[in-house]
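Kindly produce the complete structure, drawing on both the sequences and the hints.
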Amino acid sequence: MTFLAPEYLFASLAVAAAIFALHLIVVRQPRAGILPTARFIPDSQAKAVAAARRPSDIAVMLLRMLTILAAGAALAKPVLTHARRPTARVILADVSRSSRDTVALRDSVRAVYRDGDAVVQFDSRARLLAGNIGDSVGALRPGMTRGNLSAALIAALRAGSGLRDRADSLELVIVSPFATEELDAATDSIRKLWPGRARLVAIGGSAVDTAKMVGALQTDAAPGDPLAFSVLIARRVVRGNAIIARGATGSTGVAAEPPASGDPREARTLVVWPATDRPRFAVRRTPSDTVGGVIVGERGVVAPFIRQWSYPPDSLRGAEVIGRWYDGEPAAVEKPDGTGCVRSVAIPVTPVGDLVVRSDWVRLVAELSRPCAAVTALVRADPAAIARLAGNGGLASRDAFQPAIDTRSPLAPWLFALAIAAAVAELFVRRRKKGRTAESERIPVSSFANPASRVKTA
Amino acid sequence: MTVGLADAQDEYAPLLDAVRGIRWPSRVVVRGGMPGAHTSRVRGISAEFTEYRPYRQGDDLRRVDWKLFGRSDRAYIRLSNDRAILPTMIVLDASASMAFPTGTNGKWKLAAQIGVGLAAVARNSGDPVGFVIAGREDALMIAPRMRLSVLHEIMRAVSLTRPDGSAPLAPSVSIATQTAGRLVVVSDLLGDADDLLTVSSRWVAAGHEVLAVHVIAPEEIDPPRESVTVADPEVATVRRALTSETRDAYIQAYGSWRDRIAHDFSDAGVGYATVIVGDETPEHLIRRVAAPRAAGVSALQ
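The listed protein sequences correspond, in order, to chains P and F. According to the numbering used here, the first sequence is numbered sequentially starting from 241. According to the numbering used here, the second sequence is numbered sequentially starting from 27.
Simulated from the structure, these hints should not be mistaken for lab results. Bear in mind the structure is a predicted one, so any value in this text is a computation, not a measurement. Take the hints with a grain of salt, since some may be wrong.
[Stated by the list, open to error] Here are a few chain F residues that face chain P, going by a calculated C-beta distance under 10 angstroms:
1) 122
2) 133
3) 242
4) 246
5) 247
6) 252
7) 253
8) 259
9) 266
10) 267
11) 272
12) 277
13) 279
14) 290
15) 293
Glycine included, each C-beta is placed from N, C-alpha and C at the ideal position.
Right, dumping it as structure tokens:
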């Protein structure tokens, strides 16, 4: 049995303790003694307050305590079966490409999952598991999509509102490798909306240090190709085994050794950037137009580009857009290819002007040559960011979540009254209409009196 | 319990030794009587010449200084100081209030030592000494005598006495004054102090010497701080609560009463001395009472 308002019970316990203490205090005659000069003492009541080892009037004291405790227990709203559990969990299961270890993911979620908990699986979007959650947890499988913890945290807030009426406290559990690419600028702000700490369960492969990537940026561009200049400059900052192919099919003249050990640090990035031919996965754009800039990652170049190619939606299936024109259209996409990836770039390289040696352009080329997303997806986030995710304090109280009940509109009774009024009005209108119909169908008596006229009329 | 004379002597022997050299001169000129150590108001015929006085009719012709008459042709009477004894009565209060503190009977023991000591001093000065122990209704009285055995009787009587009862002191004092020229009352004055003052002042007015030795226990001046219900051993109906609330009022009332008593007795010409149990040795107390100047005290306090 528990109490919905235990403060009353605590207060009654305090009062009962005070009653007990008062019964330990007895008023008694002080110790007797002799004093020849007693006549000089003012005449007063010869009683003194003293503490006794055993309470006085035990029966009365017990009755008083029973009265107070019973009243306090009654006011405390005792319930035999508690409708809410002490704690429920909202488990965020990361099924993005960063979570490569399927077994670890399932085992970690199973370890923290209890009946009644909410499980949200997320990659780039978050989905609340419903139905037989235990089976769904056993079927969790990481995909190739980038993870987004912000979306998962928003889904966790919604799931918390759903659990509000089933638990006193809510705990947020995040089962994820906590890769850098899963965090964005909004993650911290959204995380603060969860009122309490979070339990972080780290899974997945080891962190990859991109600074220790093996290989270098290479290209098969002809010496006169303007992009060759850019590659030459960008080579100093690019880490990893990247090849920029200027051919249409992506076949390169560069002797690139395939990764032998399967080490992600040796993964090859093939950038198919045709000089004039159709880029892979792209179709010709008719008619061509111009656009004022392009963005790849955090790098942008403002310059006039003649846009000749576009990526149809079908070609984006299984691909990730890594570069966009300023109007939002894809300008470069990436698809996984074994341990590496293939990138298709539809950004024309203008031979006129100084674009190819501009620093922003060189940085954009380097960004296009960076390691594949499958590799960067393993880079562990900054410890400080992970600590902010964990937060501090206690568990979230159920009161911190909005109740998942619909707010009744005050219009409801008026609408109900309107319905009754309309029904009554309908009754009158129908009766009136019925009366009119009967009157119009009535045949005048005169017509019976002169049958000829009736025939004539007919 | 029977207390033998030897026990009593053993109890008071150190005190008697200590007061052996103390003299107790009278504070007033005593009446004439048997030759003694105190100056008498009677001009006698002793060898200690004082002055001449012209002969008056009726004077004894044997006291005329005939040589001076031959030289001056005038008749003069040769006067000389006379010394007399001073019968001393010591009234010892043996009421129940003197049996305090309960465990030690400190007030009674000190009062008894003062009484015996003063008796010894008076006896050593050649004065007859009597003793009155007033506690119960039948007070014990030892008539003034000069023989040595009177001290033995006094010590034995004091040793046999247990403070009890609540008999007033004034009747005993009245009886004692009939045979004494000097009266000493050793008491806590918690009985009939006003009556005692009346009797004493009357006796002082008659030209006699009265000393009141006020015996006080320190517990009476500064009672314990714990709450206790105290009873007056002499008045059964007096039961008061001595608590933190009443303690200050008690101290103030008792102090005022002591001041009033000292003032009234002094005003009446009664020598008044306050002795507090444990403050001084009995020998010093006796010196302070008997010979204030010798004890370094200019007056009785």
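message: Need the list of violated hint numbers for this structure, in ascending order.
response: Violated hints: 14, 15; rest satisfied.
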